[in-house]
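Colleague: For reference, the chains in residue letters:
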Amino acid sequence: MSARVGIVLFPGTNCELDVEWAVEQLGGETTMLWHGDATIRGVDAVVVPGGFAHGDYLRTGAIARFSPVMDAVTEFARAGGPVVGICNGFQVLTEAGLLPGALQKNVGLSFLCETVELRVETSASVLTALATAGEILRIPINHFEGNYVCDEATLRVLRERDRIVLRYVHNPNGSLDDIAGIANEAGNVVGLMPHPERASDTLLGSADGIVLLRSLLAAAETTRGRAELSA
Amino acid sequence: MSRYEARIDVAHLPGVLDPQGATVERALPALGYHNVSDVSIAKTIRLVVDAASADAARAQVDEMCRRLLANPVIERYEISLEELSPT
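Chains as they are written, first to last, in our numbering: chain A, 1 to 231; chain B, 232 to 318.
Hints in this document: simulated from the structure, not taken from any laboratory.
Virtual Cβ for every residue (Gly too), placed ideally from N, Cα, C.
A hint or two may mislead.
[Unchecked claim] To list a few chain A residues with every Cβ distance to chain B over 10 Å, as calculated:
1. Gly-80
2. Pro-100
3. Val-107
4. Glu-117
5. Asp-177
6. Asp-201
7. Val-211
[As the list claims (entries may be wrong)] Reference excerpt, derived from the structure (chain B facing chain A, CB under 10 Å, subset only):
8. Pro-245
9. Leu-248
10. Asp-249
11. Val-280
12. Asn-302
Same shape as in the complex, but just chain B (with noise of 0.2 Å):
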């Protein structure tokens, strides 16, 4: 048995509208930034998990997302697991 830090970035879904990332990117150029473009808000989850393999661990990972942490509708993730060394 392993430990895995997985870092999870939850998304919109490209062509799905970012409400958030379209008001700070109207914000900017009040402070005079006016050269910023393609701004998107998007949420990391960090989780640790126990498993077998970084194939179990991934595997797990992209199954929660799947059933809880995105919603296939509107997000897209991105898993990045990292194997913890033993204490």
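This is chain A alone, in the form it adopts within the complex (with noise of 0.2 Å):
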């Protein structure tokens, strides 16, 4: 058998199938969780997937962070549990107070599809263990709130922790000290704003999302057994 990802489900969520494409490509097994189930289902990692969560009402994650399920992420990410989330997951880590800051719309307004370039800051996280750091990765992003925002002791702290995972080579959306993705003291929880799934095959072109996916496959391995996450 091999790690199961879960991968939470919210109404108007849009990622999940390629987050589960990719994973199931690269040998995980994944399970859909829903909002409304207040169990992640003995999964060993859990990804809260890209879209827009309860049609981002109010605030992008607001109500999201609300869901029964998240209980239960939350309780899985306290106790050492590996959880990504991407994009709109993102948003929705950093509403619940997983991770710190906020995520505001783009400086300019605009909403962005492209791929950009990434630089991997620090491989002391789930999601980077397999990649290097200095590593230059080329992913897309595709949102219209990815503007990381937080307070000056906060990015003070993340700097000094270690906590910025990726950064952007060319700051797209105004994001503060060009921060792409972060993690929490653990580095069991991380966000990030580009979607690596989709860049898990050249036929899409890139296939450079695959560390980091693998990065998140091997920590699943690694929770598999712990019976105090399996519960």
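Could you use the hints to bring the two separately framed chains together as a complex?
Modeller: If you want it as structure tokens, here you go:
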């Protein structure tokens, strides 16, 4: 049996099948996790995929974080389980308090849909463990609200604790300190605006997302068998 | 029990970039308005709450703002409260 990745589904999520396809291409198993169920069904890792959860009403991610499934995701994350939020999923994780800061509208108010260059800043996270710091990855972004902000004290902590996981080589959206992705203190929760699942085959224009997804699968393998997480 | 209407204005915290305000500010000169600055775009939420007193209503609305209606990382909010006359 291979590692099982849970993919959270909110009303308005639209990247779940891309994540499913990419994970399964790499040999992982997947389970869809409905937002209304207060369980993550014993999966070994959780992905909160992109889309427009609850229509992005009020603020992106604001309503989604009160879904019953998010309590289970939060508990899993606090116990050390690997959790990755992609795009709208990143926004959900910040609203849920699993990651600091917030994402607001892009500078210039453009919806951005393009492949960008990212620099891996650390391999100390579940999403970058198999990548090398300094490595450049070409991965698509697809967002209106990807402009990361946080206060100065938070930024200082992110820098000092090596929690800025990915930076844009050419900042597309005004994001603070060129931040494209961050991790929590333990490195087991990561949020990023780019979509690694859309860079998972050369046919898609880039396969650079594979190293990130493989890292997540490797972390999921480690999770498997940890009784306190699979309860 | 009284009925109160609350108006909540949710705006960017000072110092947090307001991309919508900045874009509108750049658009106005194109219409000939060259004397406009400090444009900011906020949102207004109206709701009615039944509570024992104005203080209780305000405290509840404040709590709702902190928990859901505003994101304290990037937003500030102001609450104005008005008692509705019984019909």
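Colleague: Run every hint past the structure and note whether it holds.
Modeller: Here is how each hint holds up against the structure:
| no. | hint | result |
| --- | --- | --- |
| 1 | Gly-80 | holds (25 Å) |
| 2 | Pro-100 | violated (8 Å) |
| 3 | Val-107 | violated (5 Å) |
| 4 | Glu-117 | holds (23 Å) |
| 5 | Asp-177 | holds (13 Å) |
| 6 | Asp-201 | holds (34 Å) |
| 7 | Val-211 | holds (31 Å) |
| 8 | Pro-245 | violated (12 Å) |
| 9 | Leu-248 | holds (7 Å) |
| 10 | Asp-249 | holds (9 Å) |
| 11 | Val-280 | violated (17 Å) |
| 12 | Asn-302 | holds (6 Å) |
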